[in-house]
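For the sequence shown, counting from 1, position 169 maps to 169 in the working numbering; every step adds exactly one.
There are no misleading hints in this set.
Derived DEER-like restraints, expressed as beta-carbon distance ranges:
1) Q420 <-> D42: 25 to 33 angstroms
2) Q409 <-> R61: 17 to 25 angstroms
3) A119 <-> G58: 56 to 64 angstroms
4) A119 <-> D42: 40 to 48 angstroms
5) T227 <-> T283: 20 to 28 angstroms
6) E70 <-> D272: 51 to 59 angstroms
7) G266 <-> L300: 24 to 32 angstroms
8) P145 <-> G58: 54 to 62 angstroms
Honestly, the hints are just simulated from the structure, not real lab data.
No experiment lies behind these values; they were computed from the predicted model shown.
Just so it is clear, CB atoms sit at the ideal spot from N, CA and C, and this is done for glycine as well.
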Amino acid sequence: MTISSSLNASVAGLASNASRLATISDNIANSATYGYKRAETDFHSMVINNSAGSYSAGGVRTTSQRLIDERGAVVSTTNATDLAVLDKGMLPVTDYSSLTAGDEGDFPLLFATTGSFRANSDGYLVTESGLSLLGWPANPDGSIPSFPRDSVSGLKPVQLNNSQFTANPTTSVDLSLNLPATATEAGAAGGTEAITVEYYNNLGIAETLSVSFVPTVPATGASNTWTMLIEDSASGGAVVGEYELEFDDTAGAGGRLLSVTNTVGGAYDVTDGTVAVAVDGGTIDFGLGLIGEAGGLSQLSDTFAPVSIDKDGSPVGNLTSVEVDPNGFVVAFFDSGVSRTIYQVPLANVANENGLSTADNQSYSITLDSGDFYLWDAGDGPTGDIVSYAREESSTDVAGELTQLIQTQRAYSSNAKVIQTVDEMLQETTNIKR
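Please work from the sequences and hints to get the whole structure.
And the structure:
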């Protein structure tokens, strides 16, 4: 019985070391595979109840697991959509083949810690191995709607349209200029001062606003009052704004706005110093400055001085490039100089990463052992940042694997030697009969 148990234990030892050799071989073979997580084989003794004075070998068994929570070194690349995750968190991905096979909303949710994503012929960001990046689509204004964080609902394959155009209509214009105080004094010539402001409508077409300032010339003294007229080229030159501007001439506040009265156009907003002007296709907020404060419009000295015109909006632009920022926002850049958020890639977190089921191409899926996932904004909660222009290397330590390979080889040889010894002992037992 004891000799037989020794034989069985050694056979179990051979099988266990063969299993360990398999994980070592896999680790070494994937030492240059981006995102590979090394596998590990652990040995566990098997104990058989023994009576007093005798001992039976129980042998050994093994368990293997993939150490998904171990991260490899992050290396830089030249592709903006090469992504890696610093610290905890995993990128949501899916098999691209599942997108082409059926309903876009019915795809398996997988996770990865890195990937080299590039736009394919349909514009989807896909790796060479066929993993498609998932994210939450943004609203037209670049904001991200509220999506469920514990469900695949809302996640869409990130898709770029290389022929995509964008145009941002102008919604605000801030004027900064000085009107000549001498023009509102009795006897002044009363000449009109004017500037033009280009803006973009909802279709990205450039239009012009003509802004003129007409001084009020009194019979005596100084009125410190101007009439501002705003004419819109898109409306055939119609006056879309008419305002009476009065400036202060007291000590300490001289030259600053005292009051703004509207005749045509929206009323003056004292909280932000703007007036709303209705142009063709929308409304533009004109910033004139706050009452009694420096900046915006002023009336000083005898010189008309347009200082600056700050405005938003842009003409139509073509998509030129895409980048992913540390918080997972996919930002599209256009040749008009405009950038816009088009997706947000969240990071998934689970209670036990090593409990995830391993799939092909360094991807993983949810199991009962891993626990449910939760989608975080990158950099929030327990998750780290998303790094673009980067890949995560294999977590395999080749030197350590070779050391374990030597140990495994010696252990396998030792178990084989025990089997040989048991065979010789059984042969001796057979010879007793002779």
